[in-house]
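Protein chains in written order, with the working numbering: chain U, 1 to 144; chain F, 1 to 170; chain B, 1 to 374.
The set of hints was computed from the structure by calculation and includes no laboratory data.
Heads up, a few of these hints could be off.
[Claimed, not checked] Heads up, simulated BS3-like pairs for lysine-lysine below, C-alpha to C-alpha not over 27 Å straight-line:
{"#": "1", "chain 1": "B", "residue 1": "55", "chain 2": "F", "residue 2": "94"}
{"#": "2", "chain 1": "U", "residue 1": "16", "chain 2": "U", "residue 2": "74"}
{"#": "3", "chain 1": "B", "residue 1": "55", "chain 2": "F", "residue 2": "93"}
Residue-level listing of the chains:
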Amino acid sequence: MVKRSKKARTMRKVIKSIWIFNWFNSCGFCELVPLVGSRWDMERFGMIIVGTPRHADVLFIAGYQTPKSIKRAKRVYEQMAEPRVVIALGSCTMTGGMYWDSYNTIKRLEDYLPVTIYIPGCPPRPEAVFEACEKIFKHVNELE
Amino acid sequence: MNSNEGREAEILKVVSSKFDAEGKIQRDRRIWVSINEGKLIELCAFLKNQRFEHLSAISVTDWVKEGKFEITYHLWSYKDKILVTLKTKIDRKKPVVESVASIWGESAQIHERELHELFGVKFKDNPDLSSLFLEDWQSPPPFRKDFDWREYVREKYYDKENERELVYYD
Amino acid sequence: MIDQMEPAPKDTEYDLYFGPAHPGSGNFGVKLKIDGEIVTSARADPGYLHRGFEKLMEYRTPLQNAVLSDRICILEPLNWNLVHAEAVDELMDIDVPERAKYIRVIMAELSRIQSHIIWYGVFSKGTGFDTGFKMAFGYRDYILDLFELITGGRVYPAGYICPGGVRRDFPNGAKDKILKVLDKMNEMIKLEELENPALDARAKGVGILKVKDAIRLGATGPVLRGSGMRTDVRKDEPYEIYNRLDFDVPVRKEGDAYARNIIGIEEMYQSIKIVKQALEDLPEGEVIALKFKRPKVKDKIPEGEAYTRNEVARGEAAVYMVSDGGSTPYRCKIRGPDFLHMIPVLEYLLKGAQIADIPAIYWSLNICPADMDR
Numbered sequence: 001m002v003k004r005s006k007k008a009r010t011m012r013k014v015i016k017s018i019w020i021f022n023w024f025n026s027c028g029f030c031e032l033v034p035l036v037g038s039r040w041d042m043e044r045f046g047m048i049i050v051g052t053p054r055h056a057d058v059l060f061i062a063g064y065q066t067p068k069s070i071k072r073a074k075r076v077y078e079q080m081a082e083p084r085v086v087i088a089l090g091s092c093t094m095t096g097g098m099y100w101d102s103y104n105t106i107k108r109l110e111d112y113l114p115v116t117i118y119i120p121g122c123p124p125r126p127e128a129v130f131e132a133c134e135k136i137f138k139h140v141n142e143l144e
Numbered sequence: 001m002n003s004n005e006g007r008e009a010e011i012l013k014v015v016s017s018k019f020d021a022e023g024k025i026q027r028d029r030r031i032w033v034s035i036n037e038g039k040l041i042e043l044c045a046f047l048k049n050q051r052f053e054h055l056s057a058i059s060v061t062d063w064v065k066e067g068k069f070e071i072t073y074h075l076w077s078y079k080d081k082i083l084v085t086l087k088t089k090i091d092r093k094k095p096v097v098e099s100v101a102s103i104w105g106e107s108a109q110i111h112e113r114e115l116h117e118l119f120g121v122k123f124k125d126n127p128d129l130s131s132l133f134l135e136d137w138q139s140p141p142p143f144r145k146d147f148d149w150r151e152y153v154r155e156k157y158y159d160k161e162n163e164r165e166l167v168y169y170d
Numbered sequence: 001m002i003d004q005m006e007p008a009p010k011d012t013e014y015d016l017y018f019g020p021a022h023p024g025s026g027n028f029g030v031k032l033k034i035d036g037e038i039v040t041s042a043r044a045d046p047g048y049l050h051r052g053f054e055k056l057m058e059y060r061t062p063l064q065n066a067v068l069s070d071r072i073c074i075l076e077p078l079n080w081n082l083v084h085a086e087a088v089d090e091l092m093d094i095d096v097p098e099r100a101k102y103i104r105v106i107m108a109e110l111s112r113i114q115s116h117i118i119w120y121g122v123f124s125k126g127t128g129f130d131t132g133f134k135m136a137f138g139y140r141d142y143i144l145d146l147f148e149l150i151t152g153g154r155v156y157p158a159g160y161i162c163p164g165g166v167r168r169d170f171p172n173g174a175k176d177k178i179l180k181v182l183d184k185m186n187e188m189i190k191l192e193e194l195e196n197p198a199l200d201a202r203a204k205g206v207g208i209l210k211v212k213d214a215i216r217l218g219a220t221g222p223v224l225r226g227s228g229m230r231t232d233v234r235k236d237e238p239y240e241i242y243n244r245l246d247f248d249v250p251v252r253k254e255g256d257a258y259a260r261n262i263i264g265i266e267e268m269y270q271s272i273k274i275v276k277q278a279l280e281d282l283p284e285g286e287v288i289a290l291k292f293k294r295p296k297v298k299d300k301i302p303e304g305e306a307y308t309r310n311e312v313a314r315g316e317a318a319v320y321m322v323s324d325g326g327s328t329p330y331r332c333k334i335r336g337p338d339f340l341h342m343i344p345v346l347e348y349l350l351k352g353a354q355i356a357d358i359p360a361i362y363w364s365l366n367i368c369p370a371d372m373d374r
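Excised from the complex, chain U in its bound form (with noise of 0.2 Å):
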């Protein structure tokens, strides 16, 4: 029997699926919805979209922010049960993207919001987030 520490122990029980809460921003819109879709069926992995941030694990911020809709996005952060984990699509959450010079857009997410994974591209294809996905899920089956 392996040995493992308190906290391995704790998010194995709980990050078996992944529930998301259903803040489809911006540009992320056209290449999330097809996740749900039948080609790319996200439901065999176990993650399915729930309509209230208190039963979800995960915030996906999809593309640009603005000032307004990062103040919303903060309150739904802060009513999500530990643990919690939030992943950026696009570059323009990394760098400001193709919206550099707007006077109305946020540059750099991780000043607002704790972010685990970037993926980037403009947008993401669906492929790609299914990798970040096994990622987390490898992350904590090899967590001592």
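Guided by the hints, dock chains F and B onto chain U, whose structure is given.
Frame of chain U; chains F and B shown alone:
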């Protein structure tokens, strides 16, 4: 098509003689008319009676060197299928002009609300000029030509200490 | 205990915020005042996606703006590429070659079919018919694979329709693949047309808009055609090669949510007809004008102004471009159909409706928040 060709010239003749405006026909279905600010409302009411019922857009151009704002109204007629553009110039330091919301209704009122927020032009008699897109914005109206976006973004958002962003400071 | 309770309040009015983090609203908020079950007033709350496109375009040259113009409305990128390219062509007085005009029309109509599929999918999801949602997004992927073959990107084509023509020619075998995909689309529309009693009961007689109100509030496109007025920019003012093609414009008189949805389904049939005709008559030749084949940084736009109108999937779109002789445009105003549909028309239609009818009215207007905020 042939029966419509004379219609642009007819409209231009009536408008220039009655209201003291100068205009030109750019290509088929496009007439551009420049007019003084005082006669604007009369001309708009006249054109609405001539079946120009659809207000396509209202726009403001900022001519900094001359010191004027130029306001353009684009009107489309479903019956004759012609587009007429009215242009007037007002002073940049005190930009006030009459509103056309009494003639074209809610579609004119919402265009004027957006222009008031982004350029700072005041439209008299518009029922509602509250802010539309921005929350808690304190600086000058953002779309004017003397507000440089790249300077503003460099000061507020980018950071010289961060080595990924040194490239924006050359 | 019962004597100490307060008397019931006289009015039953309360505030409800149908906001951006709601699964049925998509990044746009509406503040409602409700009395019991009936909405007494509505006020729209836009601005969650405002980037300031009109001034971003003043810092970039026309070929760079072509890449930026596919993100004005996320759900129909190729149609907005076309409006912007036509405005620059008119200002710089460029002759677009014939083969490029046919390719532009084929790509714009495929993008219109894809946008109407999304409309059907989210309308079914909003009214509770989950099978329609899954089916629509399953069939949409055939068209996205076609876009990847021809332009290089599934969703954003990286400025494929640029001023002067299109960026590259069709690869070998593209014509047969397009015809096979159109057969699949025919199959899907036959499934969509099966009458579903739940959808009919929720959408018939709901959200009625009369013609005079529609023109005063500024509605265009399928919303105006659903109220009885026969108008379409492709027939009133033909651009590109639409005057050589033979197609119909569907119109209905009732003005309710059901009529607007049926127009969406019938327009897909007409778009398939247009693509088949254009593919048969496709001529040989160049695909881009000589001036833009080797563009130089010093190229200037001559002085002047232009206003072009087009018909995108949601209504009438227009671009007003002014230039004073420099290498970037001096002012570029973008007029989108959703700015008028989401603020005046929605506030007018929601007054007096019941809470249970709000999703049917909302999604039948075919909204796109990115187009409204720009």
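Results of checking the hints against the structure:
Distance hint between residue 55 of chain B and residue 94 of chain F is fulfilled; the C-alpha atoms sit about 23 Å from each other, no more than 27 Å. Among the hinted pairs, residue 16 of chain U with residue 74 of chain U is consistent with the structure: their alpha-carbon atoms are about 25 Å apart, no more than 27 Å. Between the alpha carbons of residue 55 of chain B and residue 93 of chain F the distance comes to roughly 21 Å, so the proposed pair stays at or under 27 Å and holds.
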